[in-house]
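Hints in hand, dock the two standalone chains.
Protein chains in written order, with the working numbering: chain W, 1234 to 1351; chain F, 719 to 832.
Hints in this document: simulated from the structure, not taken from any laboratory. These figures come from a predicted structure and were not determined experimentally. Even for Gly, the Cβ is constructed at its ideal location relative to N, Cα and C. It is possible that part of the hints are untrue.
[To be verified] Pairwise CB distance ranges (calculated):
id : chain 1 : residue 1 : chain 2 : residue 2 : range
1  : W       : Ile1242   : F       : Met737    : 30 to 36 angstroms
2  : W       : Ser1285   : F       : Asp756    : 29 to 35 angstroms
3  : F       : Thr733    : W       : Gln1291   : 25 to 31 angstroms
4  : F       : Val730    : W       : Ser1285   : 24 to 30 angstroms
[As the list claims (entries may be wrong)] Below are the PhoX-like pairs computed for lysine-lysine, each with C-alpha atoms no more than 25 angstroms apart in a straight line:
id : chain 1 : residue 1 : chain 2 : residue 2
5  : W       : Lys1343   : F       : Lys727
6  : F       : Lys789    : F       : Lys732
7  : W       : Lys1343   : F       : Lys775
8  : W       : Lys1282   : W       : Lys1343
9  : F       : Lys775    : F       : Lys788
10 : F       : Lys775    : F       : Lys727
[Claimed, not checked] Not close to chain W: a few residues of chain F, all C-beta gaps over 10 angstroms, as computed:
id : residue
11 : Leu740
12 : Asp744
13 : Asn746
14 : His747
15 : Glu770
16 : Tyr782
17 : Arg786
18 : Ser798
19 : Ala800
20 : Pro801
21 : Gln803
22 : Gln821
23 : Thr830
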Amino acid sequence: AQSVTQPDIHITVSEGASLELRCNYSYGATPYLFWYVQSPGQGLQLLLKYFSGDTLVQGIKGFEAEFKRSQSSFNLRKPSVHWSDAAEYFCAAAPRSYSGGGADGLTFGKGTHLIIQP
Amino acid sequence: NAGVTQTPKFRVLKTGQSMTLLCAQDMNHEYMYWYRQDPGMGLRLIHYSVGEGTTAKGEVPDGYNVSRLKKQNFLLGLESAAPSQTSVYFCASSYYWGAGDTQYFGPGTRLTVL
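Just chain F, same shape as in the assembly (with noise of 0.2 angstroms):
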């Protein structure tokens, strides 16, 4: 039971490359979620998925799209990277809808756009 995974772990991008983040989990969660994490501002939430075949906008979703194609998986993509991208995004799961069941996070990927 590997739990939330995330692929790659680093990455760096030029202004306007494209690239798709991976979330997978083996929980069998119905609810994914994909995070930016920048120094000072916590958490914000880009996107999520209450279940497959099914996306939602968060907080801060422009430049982002994601896809649900399988359960298990929910990737991200930036179609033309820019620098104000540059982050730490997060992957989580959870079971039930996440405002009443324990969020599981993955370890987190590394991007720079230069």
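Here chain W stands alone, though its shape is the one from the complex (with noise of 0.2 angstroms):
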């Protein structure tokens, strides 16, 4: 069955300090992937998403993410981190084609819970 791991359930980071959020997908064939933000009380924002080409993927607020099929990762990165980042985060997953079956939707991992230390 196809997952999507996030094995981190909680991060600290010292505010300025570099951040990397880890993702692993299962799928048969390589799919679409995503990473979300979740603030408090809040729904979800999309940060950056993987189609093709470009392995190194821009996202806003200044987040990337690299795109490693070898080791069927999507790893989100920031080089500096803010307060205003502390959130919840979500990797997800789509197959690349509908097939009408239950899933076809977006699959999630668990979500990595980010805080940030002053």
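And the structure:
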């Protein structure tokens, strides 16, 4: 079955330090890949997405992610975090073709809760 | 342009009661989705729709029904609420098929079933 794994439930980073959030996927074929951010009490906002081409994807708010096919990974990075980056981060994947079954939507990881220390 | 809106924002039900959650989008999107979010579980797809008048089951459809009578609205119904349905419900929409397009999310509905 297809799945998305975020190994880290919580991550604490000092303000100004660099950040890397891990994401691994298990799909029959390379899926579309996404990173979403959820601030407390809010809905989800798309940070970036990978469809094809350049494996380093730039997103909003200074985030980037690197797709590595050999490792089935799509890790999110930011060179210098700000206190406002504290939030829940979700990696998600979706199959590239519509098959009409229940597996056609986004499959989300369980999320990584990012804490920023002053 | 309000994007995706959800009504209500909060609701408390007793076991066995019924209710309908309303999702509305003003972006003329074809595709709409209902997810539930539980602690430590991420988001899971309940039902989705690929166009007006169509619905399909997602990963966790049991205990829910949906309808898409108008393109802009997607309703999620609970006929007989159970405590296991306590969750935060998110609606989303996209113009193209969700796999290849950005899904825009509503702010969520927090439902508690006692």
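Hint check results:
1. W:Ile1242 <-> F:Met737: 30 to 36 angstroms: Hint holds: Cβ distance 32 angstroms, inside 30 to 36 angstroms.
2. W:Ser1285 <-> F:Asp756: 29 to 35 angstroms: Holds, since W:Ser1285 and F:Asp756 (Cβ atoms, about 32 angstroms apart) stay within the stated range.
3. F:Thr733 <-> W:Gln1291: 25 to 31 angstroms: Since F:Thr733 and W:Gln1291 have Cβ atoms about 48 angstroms apart, the given range 25 to 31 angstroms is violated.
4. F:Val730 <-> W:Ser1285: 24 to 30 angstroms: Given a distance of about 46 angstroms, which is not inside 24 to 30 angstroms, the answer is violated.
5. W:Lys1343 <-> F:Lys727: Status holds; Cα separation ~23 angstroms.
6. F:Lys789 <-> F:Lys732: violated, 31 angstroms
7. W:Lys1343 <-> F:Lys775: holds, 21 angstroms
8. W:Lys1282 <-> W:Lys1343: holds, 18 angstroms
9. F:Lys775 <-> F:Lys788: holds, 18 angstroms
10. F:Lys775 <-> F:Lys727: holds, 24 angstroms
11. Leu740: holds, 15 angstroms
12. Asp744: holds, 15 angstroms
13. Asn746: Answer for F:Asn746: holds, closest chain W Cβ roughly 19 angstroms.
14. His747: holds, 14 angstroms
15. Glu770: holds, 17 angstroms
16. Tyr782: holds, 13 angstroms
17. Arg786: Consistent with the label, F:Arg786 stays out of reach of chain W, its closest Cβ about 15 angstroms off (over 10 angstroms).
18. Ser798: holds, 22 angstroms
19. Ala800: holds, 21 angstroms
20. Pro801: The claim stands: F:Pro801 keeps its Cβ more than 10 angstroms from every Cβ of chain W (closest is about 21 angstroms).
21. Gln803: holds, 18 angstroms
22. Gln821: Non-interface label on F:Gln821 violated, nearest chain W Cβ at 7 angstroms vs cutoff 10 angstroms.
23. Thr830: Check passes; 15 angstroms lies beyond 10 angstroms.
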